[in-house]
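Novice: So the chains spell out like this:
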Amino acid sequence: MIRILRQIFRTGIVTEPLPASAEDEIKLVGTKLEETIRKRFSRSLTIRQVDAGSCNGCELEIHAINNAYYNCERFGIHFTASPRFADMLLVTGPVTHNMEIALRRTYNATPPPKLVVAVGDCGCNGGIFGESYASLGGIDKVIPVNIVIPGCPPTPIALLNGILKAVS
Amino acid sequence: MSMLVDALTSALRTDVIFDKVQYPSSVICCTVPQEKFSEAAKVLKMAYALLAAEWASDETLFGRGFSVFACYRWGKEYLIVRAELSADNPEFPTLTKRYLPAYRFERQIQSLMGIKPEGHPDMRPWIKFEDWPQDVFPLRKTFDASKPMLRVKGEYQWARADGEGVYEIPVGPVHAGIIEPGHFRFQAVGEMVVNLEERLGYVHKGIEKKFESLSWNEGVRLAGRVSGDTTVAHSIAYSIAVESMTGCILSERAHWLRALFLERERLANHLGDIGAICNDAAFAFMLYQLSRLRELLLRTNHKLFGHRFIMDRVVPGGVTVDLDDQGKKDILSELDIVSRDFEKLIVIYDETPSLEDRVIDTGILKPKRARELCVVGIVARASGMNLDCRLFNPFPPYDQHDRLELAVPVKVTGDVNARVWIRIEEIRESIRLIRYILENIPGGPISTDMRMPEPDSAGFSAVEGWRGEIIYWLQAGPKGEINRCMVRDPSSVNWLGLERAITGNIVPDFPLCNKSFNQSYSGHDL
Numbered sequence: 001m002i003r004i005l006r007q008i009f010r011t012g013i014v015t016e017p018l019p020a021s022a023e024d025e026i027k028l029v030g031t032k033l034e035e036t037i038r039k040r041f042s043r044s045l046t047i048r049q050v051d052a053g054s055c056n057g058c059e060l061e062i063h064a065i066n067n068a069y070y071n072c073e074r075f076g077i078h079f080t081a082s083p084r085f086a087d088m089l090l091v092t093g094p095v096t097h098n099m100e101i102a103l104r105r106t107y108n109a110t111p112p113p114k115l116v117v118a119v120g121d122c123g124c125n126g127g128i129f130g131e132s133y134a135s136l137g138g139i140d141k142v143i144p145v146n147i148v149i150p151g152c153p154p155t156p157i158a159l160l161n162g163i164l165k166a167v168s
Numbered sequence: 001m002s003m004l005v006d007a008l009t010s011a012l013r014t015d016v017i018f019d020k021v022q023y024p025s026s027v028i029c030c031t032v033p034q035e036k037f038s039e040a041a042k043v044l045k046m047a048y049a050l051l052a053a054e055w056a057s058d059e060t061l062f063g064r065g066f067s068v069f070a071c072y073r074w075g076k077e078y079l080i081v082r083a084e085l086s087a088d089n090p091e092f093p094t095l096t097k098r099y100l101p102a103y104r105f106e107r108q109i110q111s112l113m114g115i116k117p118e119g120h121p122d123m124r125p126w127i128k129f130e131d132w133p134q135d136v137f138p139l140r141k142t143f144d145a146s147k148p149m150l151r152v153k154g155e156y157q158w159a160r161a162d163g164e165g166v167y168e169i170p171v172g173p174v175h176a177g178i179i180e181p182g183h184f185r186f187q188a189v190g191e192m193v194v195n196l197e198e199r200l201g202y203v204h205k206g207i208e209k210k211f212e213s214l215s216w217n218e219g220v221r222l223a224g225r226v227s228g229d230t231t232v233a234h235s236i237a238y239s240i241a242v243e244s245m246t247g248c249i250l251s252e253r254a255h256w257l258r259a260l261f262l263e264r265e266r267l268a269n270h271l272g273d274i275g276a277i278c279n280d281a282a283f284a285f286m287l288y289q290l291s292r293l294r295e296l297l298l299r300t301n302h303k304l305f306g307h308r309f310i311m312d313r314v315v316p317g318g319v320t321v322d323l324d325d326q327g328k329k330d331i332l333s334e335l336d337i338v339s340r341d342f343e344k345l346i347v348i349y350d351e352t353p354s355l356e357d358r359v360i361d362t363g364i365l366k367p368k369r370a371r372e373l374c375v376v377g378i379v380a381r382a383s384g385m386n387l388d389c390r391l392f393n394p395f396p397p398y399d400q401h402d403r404l405e406l407a408v409p410v411k412v413t414g415d416v417n418a419r420v421w422i423r424i425e426e427i428r429e430s431i432r433l434i435r436y437i438l439e440n441i442p443g444g445p446i447s448t449d450m451r452m453p454e455p456d457s458a459g460f461s462a463v464e465g466w467r468g469e470i471i472y473w474l475q476a477g478p479k480g481e482i483n484r485c486m487v488r489d490p491s492s493v494n495w496l497g498l499e500r501a502i503t504g505n506i507v508p509d510f511p512l513c514n515k516s517f518n519q520s521y522s523g524h525d526l
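Protein chains in written order, with this note's numbering: chain A, 1 to 168; chain B, 1 to 526.
Any given hint could turn out to be false.
[Stated by the list, open to error] Heads up, simulated DSBU-like pairs for lysine-lysine below, C-alpha to C-alpha not over 35 Å straight-line:
hint : chain 1 : residue 1 : chain 2 : residue 2
1    : B       : Lys209    : A       : Lys141
2    : B       : Lys147    : A       : Lys114
3    : B       : Lys147    : A       : Lys141
4    : B       : Lys141    : A       : Lys141
No lab work stands behind these hints: they were computed from the structure.
Bound-form chain B, shown alone (with noise of 0.2 Å):
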């Protein structure tokens, strides 16, 4: 038994409903009374619970009303709390009171799909613009998504400061970069920022919806998009969840390949990421040597298989290419220039006073405060929290960790260092484990065929993609087709993170502090 199905069930007793139909059977889902829902969070927060996601379902394919789920995870476990609701009056007990990134996982479940979290402090909705319509759900089953909306009149209610000398500076949606769309507004006095309110949705493409459209083949294709720079992780993601469905058990050399694509992905990801937070803080030189390694990479991705960041290269059931002797000894010797030339870039990173100047001590995240928001990912472990899926909720192959050895990095400062910090020491660690990957790949197929999930299953996954920890929840309906498909990206509990590290900060030190944080957009907006 399971710490938190423990203290569930010994605080709700026979409330509890144990669900037979969740994969894998490590994920526990058990159903509670709707009224009981919030109670269930108040227990799992005492046992030291972190809230992961919290999403709805609409079930009324299957005859009955909706369902809201919270997702909460304790070390190596992850329990799925559910609630029935009816199909006329949904609505549930919010847990915002308990979790802070409730507040925007609520306003999403109110905003697309209808169901009101009773007690919530903020109904301004969420990703869903006050020019829709105000009935418009889409991810609702009555909803034709294949319309396109009208556009009603309304008006955003900001978050507003008051005082003498506080004034507001819009930022966005069309930003000074090659960036993704988003809205910042700054309340400050000053140079300092005294509230940072975000306002995301711009790239709101109807993902989740359209997933219900294609078959679980196609899926993956579209997992693969929900974040570009993620397209690897988020098809394993998706693939997994599929995977434990319907019992398909993958070949060793599958989870290999897919695991030196994972940190191949890291890699490239992290060196362009240090690359970019310096260059914020004007330090042009690193930008550019750190994105020639970063190019290296890319280039024997595409001359190895077949695409500069690995798209569509991940299936349910495997991968689609393989990897000869030759490819391997390609990178070797691409990872003995990318680790010599990387090791003598930190060093000057190390020693550059001026860069030091602007990286330390600038958007804190104090760990109190990241264990409050439930942060997750290289912000988690920049200000002290201890979370990878590789290591506590392994997938394989990390499953296999005495062989692995994988070295978690975690700093307790949570400032723009400690992030650049928990990127160099995990590009160390991606490199070791490739290279490990390299000697130990195990023979056999990349592929196995695969049968459809069964009717009313469901299936959950946690892979640890470069920005941390993402999840998929797929539910199948009556006739097997896809029901519900839930994304959740690390960027959807993160981006509450930045509002509360650039407070105090001063203005000119906010690309400084979003770069660090670098979340996805597309990933949050779906």
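Okay, chain A solo, but in the shape it has when bound (with noise of 0.2 Å):
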């Protein structure tokens, strides 16, 4: 137990000591991002993550926007296991033929207001995946979307810039 406290006391605080240009972005996008999830979303504004036929490349990014450096949960973001109790939609593609009923169903479970995300290039418009037999492009050919994040994948700050661009 000493062990994990000592860790934890040496590391301290890692989400301030960013690198210069970074931290300003991140604080930026991030205060803006704090006071409209305050007023329009009660202090919690809830995301449910959807892998429509990702590559798992943007899953990755998502992730680092939890870890400790992005801390995406000081802003009042967090994620949640279910759509049903979500605010948010944050949809990877593109839309495969197998995953597209799943992801309707999904959308439909969310309840309204709801927000839908478009994350990546493939995402966005099928990327280098296209439309074919098996991917039926953008995540907007399947469900209405409000806010596309480009990138391939896009970083941390990019995610959490789409993000406040969707909720103001």
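Two chains, two frames, some hints: make the complex.
Specialist: Laid out in structure tokens, this is it:
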């Protein structure tokens, strides 16, 4: 136990000492995000992430916004296990033929008002996979999309930025 | 002469015809008559070979029918056995009775290529869902991949367990975390899992078909997106296969830079995995600490190579980004921090009884079973199999074994703890390797010009990604275009291991077992 405490103590809070450029960006995005979330979602924005066919690159970066550096929880953003509690669907793509029905069902299970954010180049327009027998292309081919976050995969800062755009 | 070739030629004699257009020359491809396909498997099984992959190719553009291939591995040797099939009624004898992993490979061949494995015990489609039209075979040349498919009515037959108190838990495809989609169906009695049946294919994006519409140089971008977390290893595997077909000789520096990227990818993923495994045993401390170290690596990647996962930096003919002296210093100082904190955290992992209680003896994949299933990579090494392409089928620079002195850890307990320890020791080894690479990396250009592959030639490569052995097999068509690109991610075989490992465990341990395997859905579904 003493080792755990010592490690925690020694590590300190890493959320602060970021490289200067990134730190400014995160703070700027974060403060705005926090304000909007406080106002519109009474301090908590709940996100349900849905992989509709991605290569799992985008998932890695969505994981990263939860790490100690980006620490999205401090802005009131957290991820939920069920679409029934979600304010926002964060969908990575392209939407595959085999995931289309599951994505529609998840969308229908989310209570309105709901926001849909399409993540990554593939989520925007199908990316390198395009449209084919197995891939239907971007998320907007299947459910209405509010905001897109391009990138392959988008960086954690781009993700936070995109979420801010969607809620404001 | 290799052992496997000897075994095959002494048993089948004149029936074995050697193929001249298979590259690299160290990987031998031979053709046997269609009816001897299964007999060849029997002979090779007696010679202790493991089945590495099985696939089919549509060769109608060459004026032939179809071909089915099985790739066997024994120690350092790979042997590809091919059988030519007729165009009208393609079928071949199943290998399932000799090799368990053929079970899924052949369901996939049947579903996507429409070739019947004669005698296969389970003819349910795989990846092709029940709502696809029956006569759709995407990998055939006659199939138009650009049109969307219609949906038809159909039902999937699940495996059932009957009896008093047996109940069923369906999970997915949309899971409760930030992970990829797949469906799992548990038959359970009380807390205990009697059987787990996986249903994958949800992220089938038609990758193998897509390759056929791309040029050789564009293909590497797609290979880098087969499974995002393994982007470097997949790009290297694709590139090596193309380079072997064109006789392209890379500069030493390009090889060493590729190895640097590969080890950094292994390091970042293993760090994330150990954290996530501990998190699934409710020990979140490790997740936050290790994802902090992982983030440090990704940031250095971004700074030095312009991408956090080093995506699109490996291309056929070399790499697109170089490393300067300042970069070396950055990596070394980052590694000092990572390795210092990592060792402290491992002491904590090792000394926390509540964690031990969860990971030891959970999700055991016994060595005998692992061999039957021909699993690869970390899963195989945790179950007593000494397999690593960096050691046994070395690609440069790993072929300079006397210099790199790569140590490959092997454990025999096959539980979650063993899979964690394999990762821990591989992290230490990767850190050592990266330091060695930085010290000894030779100078020179980072890329070489490459001509295009000759028509009707084939290239093969096996690369050890962080999950395990990745195999690419490429075939050039009559005009020198990509006729077929077969991708075998380690997940294609290791998912079978998870089904076996979970049986007899309690349902709440499933996330823990699943995470300790951490297989790719995208790499499997393609």
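Novice: All the hints need checking, so say for each whether the structure fits it.
Specialist: These are the hints, each one checked on the structure:
1. B:Lys209 - A:Lys141: It holds: about 22 Å lies between the C-alpha atoms, which stays within 35 Å.
2. B:Lys147 - A:Lys114: Measuring from Cα to Cα gives roughly 32 Å; hence the hint holds.
3. B:Lys147 - A:Lys141: Holds - the C-alpha atoms of Lys141 of chain A and Lys147 of chain B are around 15 Å apart, at most 35 Å.
4. B:Lys141 - A:Lys141: 27 Å, holds
In the structure shown, no violation is registered for any of the earlier numbered hints.
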